[in-house]
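S.K.: Each chain, written out:
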Amino acid sequence: AQKVTQAQTEISVVEKEDVTLDCVYETRDTTYYLFWYKQPPSGELVFLIRRNSFDEQNEISGRYSWNFQKSTSSFNFTITASQVVDSAVYFCALSGYSTLTFGKGTMLLVSP
Amino acid sequence: EAEVAQSPRYKITEKSQAVAFWCDPISGHATLYWYRQILGQGPELLVQFQDESVVDDSQLPKDRFSAERLKGVDSTLKIQPAELGDSAMYLCASSFGRAQSVSTDTQYFGPGTRLTVL
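Order-wise, the sequence lines are chains A and B. Residue numbers for the first sequence, in this note's numbering: 1 to 112. Residue numbers for the second sequence, in this note's numbering: 1001 to 1118.
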């Protein structure tokens, strides 16, 4: 069975601070994909990134960056210079040869 | 930009009543998913369709839940009778691929239906 752990339940930062959301996963599949989704208060899950298990290159997209380390089974997400609009629940998810499994999410609160 | 549509956005019902949710996936997406998300948790898959066929409904409480995607496009999820524990967000998602690529495809989610059972 696959499992995703997001140990941080809630993080509070002040605008312009950098923040890292942790994600640790467990799977027996040799090929798998990792995802991050953002869920604002409106409820819709917004896709942010997909990374396959063979690509350990870090990725940067604007203020967002992702650090995939297969050796530690982690796929962490960093927001640089956070903004109030970044306030949301962020989910890490894993899929292999079975269904997409989500972590419990990390609520990020960015205050002005 | 193509989106997954869901209705209604909010539904309040009394226990033992029937409720139905509708989902229209992104055009051309073969696979459709229904998830349930309890407050403070991540979404959990209820049922997965590929075209009009059910691929996985192992987590669907079949004594009270039913789902259909008759023409392989839009889909309806029904609960009858609703129970207090069914209060949750019901999310629909779709992805483009079929067969072996399904589990690796990116899923795109709709806005969800927030159900409250009184």
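There could be a bad hint or two in this list.
Unchecked claim - Restricting the straight-line Cα-Cα distance to at most 27 Å, the calculated cross-link-like pairs of lysine-lysine (DSSO-like) are: (1) Lys104(A) x Lys1071(B); (2) Lys104(A) x Lys70(A); (3) Lys1011(B) x Lys38(A).
Hints in this document: simulated from the structure, not taken from any laboratory.
S.K.: All the hints need checking, so say for each whether the structure fits it.
M.R.: Results of checking the hints against the structure:
1. Lys104(A) x Lys1071(B): violated (34 Å)
2. Lys104(A) x Lys70(A): holds (21 Å)
3. Lys1011(B) x Lys38(A): Between Lys1011(B) and Lys38(A) the Cα gap is close to 23 Å, so the pair holds against 27 Å.
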